[in-house]
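J.: From first to last, the protein sequence lines are chains A and B. The letter at position 69 of the first sequence is residue 69 when you use UniProt numbering, and the numbering goes up by one with no holes. The letter at position 39 of the second sequence is residue 39 when you use UniProt numbering, and the numbering goes up by one with no holes.
In case anyone wonders, no lab produced these hints; they're calculated from the structure. Be aware that a few hints might be false.
[Unchecked claim] Simulated pairs of lysine to aspartate or glutamate, EDC-like, Cα-Cα distance not exceeding 20 Å:
id, chain 1, residue 1, chain 2, residue 2
1, A, Lys133, B, Glu102
2, B, Lys121, A, Glu8
3, B, Lys105, B, Asp122
4, A, Lys23, B, Asp122
[What the hints assert, rightly or not] Label-pair restraints from in silico Cβ distances:
id, chain 1, residue 1, chain 2, residue 2, range
5, B, Asn45, A, Glu7, 36 to 44 Å
6, B, Asp100, A, Phe3, 19 to 27 Å
7, B, Asp100, A, Phe46, 21 to 29 Å
8, B, Ala10, A, Lys83, 39 to 47 Å
9, B, Lys18, A, Ala63, 43 to 51 Å
10, A, Phe3, B, His144, 31 to 39 Å
Here the structure is a predicted model, which is why all the values come from computation and not from measurement. Using N, Cα and C, we set each Cβ at its ideal position, and we do this for glycine too.
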Amino acid sequence: MTFLTPEENGHVTSLWGKVDVEKVGGEALGRLLVVYPWTQRFFESFGDLSSPSAIMGNPKVKAHGKKVLSAFSEGLHHLDNLKGTFAQLSELHCDKLHVDPQNFTLLGNVLVIVLAEHFGNAFSPPVQAAFQKVVTGVANALAHKYH
Amino acid sequence: MVHFTVEEKAVITSLWGKVNVEEAGGEALGRLLVVYPWTQRFFDNFGNLSSASAIMGNPKVKAHGKKVLTSLGEAIKNMDDLKGTFAHLSELHCDRLHVDPENFKLLGNELVIVLAKYFGKDFTPQVQAAWQKMVAGVAIALAHKYH
Chain A
1 MTFLTPEENG HVTSLWGKVD VEKVGGEALG RLLVVYPWTQ RFFESFGDLS
51 SPSAIMGNPK VKAHGKKVLS AFSEGLHHLD NLKGTFAQLS ELHCDKLHVD
101 PQNFTLLGNV LVIVLAEHFG NAFSPPVQAA FQKVVTGVAN ALAHKYH
Chain B
1 MVHFTVEEKA VITSLWGKVN VEEAGGEALG RLLVVYPWTQ RFFDNFGNLS
51 SASAIMGNPK VKAHGKKVLT SLGEAIKNMD DLKGTFAHLS ELHCDRLHVD
101 PENFKLLGNE LVIVLAKYFG KDFTPQVQAA WQKMVAGVAI ALAHKYH
């Protein structure tokens, strides 16, 4: 079963081509830490997370955001096999990092918000729908190896 | 119970003052129907919902979106008593409309996305955090009378 229709695929590929992965990654992760402060517990070694501006400016947050979004970007090339693509990361997040999989949904939603903020009207309802499908698929794939 | 700090209330009220309730309401509701197509089942008598553009242009969707967001505007004047403010609407959505309360969270997220789209950089992490709290509080209040 194809994950996205050809039209949805077009929307995702076209928008993603204009995304600055480093900037958007840092912003999405930063906003996750600001809006859902309990998520900071996974990043205790990151230094100063004491205020929104500290978080958004924190170089470790930006670097890790870039890493996360690069992995997401890889996933976009394998939309028909997200579970396979994210299998190792899923095991890592369960066995070593102990991250509640609900947080993957939260990060996916924050990413959608950041894309809306950056792209304005170009983030039309059909584009949003396609991306919502992708972030849900990625969140499910990341939760797949949990036990 | 959701508590808003003085700062959060100011941030929410200030942004709300710049929102075109009719436009934002129609867009948020429209996007809900596009991105989460099962929600269309609650709007069978709205006419043409056959495509994203049909939905976004549908006058009944726009009118109902305005109604929903106007009600939210009322709640912004009563942020310390969201449950009281939404008691009647909660009963209505449970007893008459039979809407799964999970959908309130989805619509709340759509509103945040629409605000991010409209306000771009002005929709800072702090503003987002305050609004995320607001829509969560409203979703809880709307679910409160469910039985």
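J.: Between lysine 23/A and aspartate 122/B, does the CA-CA distance stay at or below 20 Å?
T.: Roughly 17 Å between the alpha carbons, so the hint for lysine 23/A and aspartate 122/B holds.
J.: Given a hint of 36 to 44 Å, does the C-beta separation of asparagine 45/B and glutamate 7/A actually sit inside it?
T.: violated (28 Å)
J.: Could you tell me whether the CB distance from lysine 18/B to alanine 63/A stays inside 43 to 51 Å?
T.: Hint violated: Cβ distance 34 Å, outside 43 to 51 Å.
J.: How does the Cβ-Cβ distance of aspartate 100/B and phenylalanine 46/A compare with 21 to 29 Å: does it lie in that range?
T.: Given a distance of about 38 Å, which is not inside 21 to 29 Å, the answer is violated.
J.: Could you say whether the range 19 to 27 Å given as a hint is met by the Cβ separation of aspartate 100/B and phenylalanine 3/A?
T.: Hint holds: Cβ distance 25 Å, inside 19 to 27 Å.
J.: Does the Cβ distance between phenylalanine 3/A and histidine 144/B fall inside 31 to 39 Å?
T.: Since phenylalanine 3/A and histidine 144/B have Cβ atoms about 37 Å apart, the given range 31 to 39 Å holds.
J.: Confirm or reject the claim that alanine 10/B and lysine 83/A have a C-beta distance inside 39 to 47 Å.
T.: For alanine 10/B and lysine 83/A the Cβ distance comes to about 45 Å; the hint holds.
J.: Are the Cα positions of lysine 133/A and glutamate 102/B separated by 20 Å at most?
T.: holds (17 Å)
J.: Hint check: lysine 105/B vs aspartate 122/B, CA-CA at most 20 Å. Holds or violated?
T.: violated (23 Å)
J.: Assess, step by step, whether the Cα of lysine 121/B is no farther than 20 Å from the Cα of glutamate 8/A, and give holds or violated.
T.: The hint is violated at about 27 Å.
This entry does not satisfy hints 2, 3, 5, 7, 9, going by the numbered hints stated previously.
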